[in-house]
Amino acid sequence: MLLNASGCLDAVAAPEVAKQLDGFVTKTITPLPREGNAPTRIAETAHGMLNSIGLANPGRERFLAEQLPRLRELGLPLWVSVGGFCAHDYAETCAALEDVEAIELNLSCPNVDEAAESAAEIVSACRSETRLPLYAKLSAAHPDVAAVALAVAGAGADGLSLVNTLRGLALDARTMRPVLSRGTGGLSGPSLKPVALAAVYACYAATQLPIVGMGGVTNGNDVVEMHACGARHVALGTVLFSDPDAPSRIRAELAELDADTAFAAAHVAEKSLELRAKVVV
Amino acid sequence: MPFRGRRERLGVVAVEPVGLYTLVRLERGGLAPGAPGQFFMLEAPGRLLPRPLSLCLAPPRELAFLVDPIGPGTEALCGLEPGDRIHVLGPLGAGYRLDVERPLLVGGGIGIAPLPYLAEALRYPPAVLGFRTELHAEAAALLPRAEVVVDPVLVTDCELAGFDLLACGPEPMLQALAERFPGAQLAWEAPMACGYGACYGCAVEIDGELKRLCVEGPVLVAA
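Chains as they are written, first to last, in the numbering used here: chain H, 1 to 281; chain S, 1 to 223.
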């Protein structure tokens, strides 16, 4: 299944892009409206980009009243990305959601202050409010992302979204001051892919939960690599910015890949588990 | 209005110096030139993200863009050679409204980029162009009958009252025009990753709120 990464597509503004996907993941919704960070909010880097959008969104009430009905008209399975600044924020939004495909808990935005509770506490609070599938979106910035994955699995997460962006800094060549007004931003694009593959691999080995793999996926081969590391689904982010036809193109590339490659990829995940057992133990 | 731009790989016809700027002429392919003030996302060879550029001229079967080489992306575009091919997405955003009675085009520096195509659509109305140096001012050749001023004289020193202003230029120029001439149509600029409303990178303050310039603009009416 091919999805978009949260915050990388507006399905209302670009329905023809969204319809190339198997499901649409919304921008992160917080209880109150957020205007986001002041511009400048994006910067290109070598093989990647930084963003510091800052969870700009209309807030839960307007999302439920105005945006969600318009998104339903697209006829696509909807994943709602939920954010907040304490476990209660997340849980309240989860309680208000029904009749969507899944909820993705954004536990790892690098552009806002983090909730005080641990990822597992937030998942646990949400679990008691909803029976919808809960995917925990984690950051590879944690020194042991597999341990976090195990903790959220224990708290009732049904799946994992891996990975969110990593905090980075870009300087203006002339002034040597940060390009982004917030200073730092989240790194995405091809430079994130090796980090994402390692996180998917480690978390699949630790939990065997369904994983939405994302981070620098640009072509069909990247999708195969994500699957090989244990991702069940794959999400596209930065590639959508430069190529709104990327979902269709990537599907065509996957169809052209040698059948043996695809077969092999499906079995690498199992093999990699055996390998990991040998390496780690 | 939902995004309906097309993306195609277009061949480079010619790359011509215009003063210190560069006119990049591309085959038009199946892309529409759009309304004056609309923009396209041009693949910058070797860079991750495309660059937003407004259409400068629409010769038969061509799309032409005026580029100021100010960074790695625009430098890569100026370094294109005839026969090279790049992906182009567009036309995008909202352009100038053409139903004006007494149009006057106002351009500053590389902000003259959308004006030649706009001038053609409005049957060559009067224009005032401002530049930093005489060398930059050579680009005024793209608008042959325009009045040209060079720093320290500014376009805002010229007689602008009594006209419907359609302008593009550096932010201080646009802000000065916005304060003095409510109703002026001003084309703004912001860093963009996508150009079609996906990245939320190009947010600017519009009517007291941060909004996406690629969706609401780039041409906005001064309040």
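Think of the hints as simulated: they come from the structure by calculation, not from any bench. Just so you know, even glycine gets a beta-carbon here, dropped at the ideal spot from N, CA and C. Check the hints yourself; a few may be wrong.
Each computed SDA-like pair below joins lysine to any residue, with the alpha-carbon atoms no more than 25 Å apart [what the hints assert, rightly or not]:
hint: 1; chain 1: S; residue 1: Lys211; chain 2: H; residue 2: Ala65
hint: 2; chain 1: S; residue 1: Lys211; chain 2: H; residue 2: Pro69
hint: 3; chain 1: H; residue 1: Lys19; chain 2: H; residue 2: Thr175
hint: 4; chain 1: S; residue 1: Lys211; chain 2: H; residue 2: Ala38
hint: 5; chain 1: S; residue 1: Lys211; chain 2: H; residue 2: Arg174
hint: 6; chain 1: S; residue 1: Lys211; chain 2: H; residue 2: Thr40
hint: 7; chain 1: H; residue 1: Lys19; chain 2: S; residue 2: Glu138
hint: 8; chain 1: S; residue 1: Lys211; chain 2: H; residue 2: Leu254
hint: 9; chain 1: H; residue 1: Lys19; chain 2: H; residue 2: Ser181
hint: 10; chain 1: H; residue 1: Lys19; chain 2: S; residue 2: Ala94
hint: 11; chain 1: S; residue 1: Lys211; chain 2: H; residue 2: Gly220
hint: 12; chain 1: H; residue 1: Lys19; chain 2: H; residue 2: Pro178
hint: 13; chain 1: S; residue 1: Lys211; chain 2: H; residue 2: Pro39
hint: 14; chain 1: H; residue 1: Lys19; chain 2: S; residue 2: Glu216
hint: 15; chain 1: H; residue 1: Lys19; chain 2: S; residue 2: Thr133
hint: 16; chain 1: S; residue 1: Lys211; chain 2: H; residue 2: Pro31
hint: 17; chain 1: S; residue 1: Lys211; chain 2: H; residue 2: Arg72
hint: 18; chain 1: H; residue 1: Lys19; chain 2: S; residue 2: Arg7
hint: 19; chain 1: H; residue 1: Lys19; chain 2: S; residue 2: Pro2
hint: 20; chain 1: S; residue 1: Lys211; chain 2: H; residue 2: Val12
hint: 21; chain 1: S; residue 1: Lys211; chain 2: H; residue 2: Leu74
hint: 22; chain 1: S; residue 1: Lys211; chain 2: H; residue 2: Gln67
hint: 23; chain 1: H; residue 1: Lys19; chain 2: S; residue 2: Arg102
hint: 24; chain 1: S; residue 1: Lys211; chain 2: H; residue 2: Asn219
hint: 25; chain 1: S; residue 1: Lys211; chain 2: H; residue 2: Pro33
hint: 26; chain 1: H; residue 1: Lys19; chain 2: S; residue 2: Pro182
hint: 27; chain 1: S; residue 1: Lys211; chain 2: H; residue 2: Arg249
hint: 28; chain 1: S; residue 1: Lys211; chain 2: H; residue 2: Leu64
hint: 29; chain 1: S; residue 1: Lys211; chain 2: H; residue 2: Pro178
hint: 30; chain 1: H; residue 1: Lys19; chain 2: H; residue 2: Asn219
hint: 31; chain 1: S; residue 1: Lys211; chain 2: S; residue 2: Arg4
Pairwise CB distance ranges, derived in the manner of DEER restraints [as the list claims (entries may be wrong)]:
hint: 32; chain 1: H; residue 1: Gly183; chain 2: S; residue 2: Arg132; range: 49 to 59 Å
hint: 33; chain 1: S; residue 1: Glu147; chain 2: H; residue 2: Ala65; range: 17 to 27 Å
hint: 34; chain 1: H; residue 1: Met176; chain 2: S; residue 2: Arg132; range: 41 to 51 Å
hint: 35; chain 1: H; residue 1: Glu16; chain 2: S; residue 2: Glu75; range: 26 to 36 Å
hint: 36; chain 1: H; residue 1: Asp172; chain 2: S; residue 2: Gly46; range: 55 to 65 Å
hint: 37; chain 1: S; residue 1: Glu171; chain 2: H; residue 2: Met176; range: 48 to 58 Å
hint: 38; chain 1: H; residue 1: Arg249; chain 2: S; residue 2: Ala161; range: 29 to 39 Å
hint: 39; chain 1: S; residue 1: Arg132; chain 2: H; residue 2: Ala255; range: 16 to 26 Å
hint: 40; chain 1: S; residue 1: Pro69; chain 2: H; residue 2: Ala95; range: 52 to 62 Å
Taking the hints in turn, this is what the structure says about them:
1. S:Lys211 - H:Ala65: holds (20 Å)
2. S:Lys211 - H:Pro69: holds (21 Å)
3. H:Lys19 - H:Thr175: violated (43 Å)
4. S:Lys211 - H:Ala38: Distance of about 11 Å is within 25 Å: holds.
5. S:Lys211 - H:Arg174: violated (28 Å)
6. S:Lys211 - H:Thr40: Within the cut-off at roughly 13 Å; holds.
7. H:Lys19 - S:Glu138: Since the Cα atoms of Lys19 (chain H) and Glu138 (chain S) sit roughly 47 Å apart, the hinted pair is violated (cutoff 25 Å).
8. S:Lys211 - H:Leu254: The hint is violated at about 37 Å.
9. H:Lys19 - H:Ser181: violated (34 Å)
10. H:Lys19 - S:Ala94: Holds. Lys19 (chain H) to Ala94 (chain S) sits at ~24 Å (cutoff 25 Å).
11. S:Lys211 - H:Gly220: At roughly 34 Å apart (the allowed maximum being 25 Å), Gly220 (chain H) and Lys211 (chain S) break the hint.
12. H:Lys19 - H:Pro178: Answer violated: Lys19 (chain H) to Pro178 (chain H) is near 37 Å, above 25 Å.
13. S:Lys211 - H:Pro39: Given pair Lys211 (chain S), Pro39 (chain H) holds - Cα atoms ~11 Å apart, limit 25 Å.
14. H:Lys19 - S:Glu216: Holds. Lys19 (chain H) to Glu216 (chain S) sits at ~23 Å (cutoff 25 Å).
15. H:Lys19 - S:Thr133: With a Cα-Cα distance of about 49 Å, the restraint between Lys19 (chain H) and Thr133 (chain S) is violated, given a limit of 25 Å.
16. S:Lys211 - H:Pro31: holds (20 Å)
17. S:Lys211 - H:Arg72: Satisfied, since the Cα-Cα distance of roughly 23 Å is no more than 25 Å.
18. H:Lys19 - S:Arg7: holds (17 Å)
19. H:Lys19 - S:Pro2: Given that 25 Å is the threshold and the Cα spacing comes to 13 Å, the pair holds.
20. S:Lys211 - H:Val12: holds (15 Å)
21. S:Lys211 - H:Leu74: Judged against 25 Å, a Cα distance of about 23 Å means the pair holds.
22. S:Lys211 - H:Gln67: With a Cα-Cα distance of about 16 Å, the restraint between Lys211 (chain S) and Gln67 (chain H) holds, given a limit of 25 Å.
23. H:Lys19 - S:Arg102: Judged against 25 Å, a Cα distance of about 44 Å means the pair is violated.
24. S:Lys211 - H:Asn219: violated (31 Å)
25. S:Lys211 - H:Pro33: holds (13 Å)
26. H:Lys19 - S:Pro182: violated (40 Å)
27. S:Lys211 - H:Arg249: Not satisfied, since the Cα-Cα distance of roughly 30 Å exceeds 25 Å.
28. S:Lys211 - H:Leu64: Answer holds: Lys211 (chain S) to Leu64 (chain H) is near 20 Å, not above 25 Å.
29. S:Lys211 - H:Pro178: holds (22 Å)
30. H:Lys19 - H:Asn219: The given pair, whose Cα atoms are some 18 Å apart, holds under the 25 Å limit.
31. S:Lys211 - S:Arg4: The given pair, whose Cα atoms are some 20 Å apart, holds under the 25 Å limit.
32. H:Gly183 - S:Arg132: 49 to 59 Å: violated (30 Å)
33. S:Glu147 - H:Ala65: 17 to 27 Å: Check failed, 52 Å falls outside 17 to 27 Å.
34. H:Met176 - S:Arg132: 41 to 51 Å: With Cβ atoms ~23 Å apart, the hint is violated.
35. H:Glu16 - S:Glu75: 26 to 36 Å: At 32 Å between Cβs, range holds.
36. H:Asp172 - S:Gly46: 55 to 65 Å: Violated, at about 20 Å.
37. S:Glu171 - H:Met176: 48 to 58 Å: violated (22 Å)
38. H:Arg249 - S:Ala161: 29 to 39 Å: violated (52 Å)
39. S:Arg132 - H:Ala255: 16 to 26 Å: This hint is violated: roughly 53 Å between Cβ atoms.
40. S:Pro69 - H:Ala95: 52 to 62 Å: holds (54 Å)
Going down the numbered hints, you'll see the structure goes against 3, 5, 7, 8, 9, 11, 12, 15, 23, 24, 26, 27, 32, 33, 34, 36, 37, 38, 39, while the others check out.
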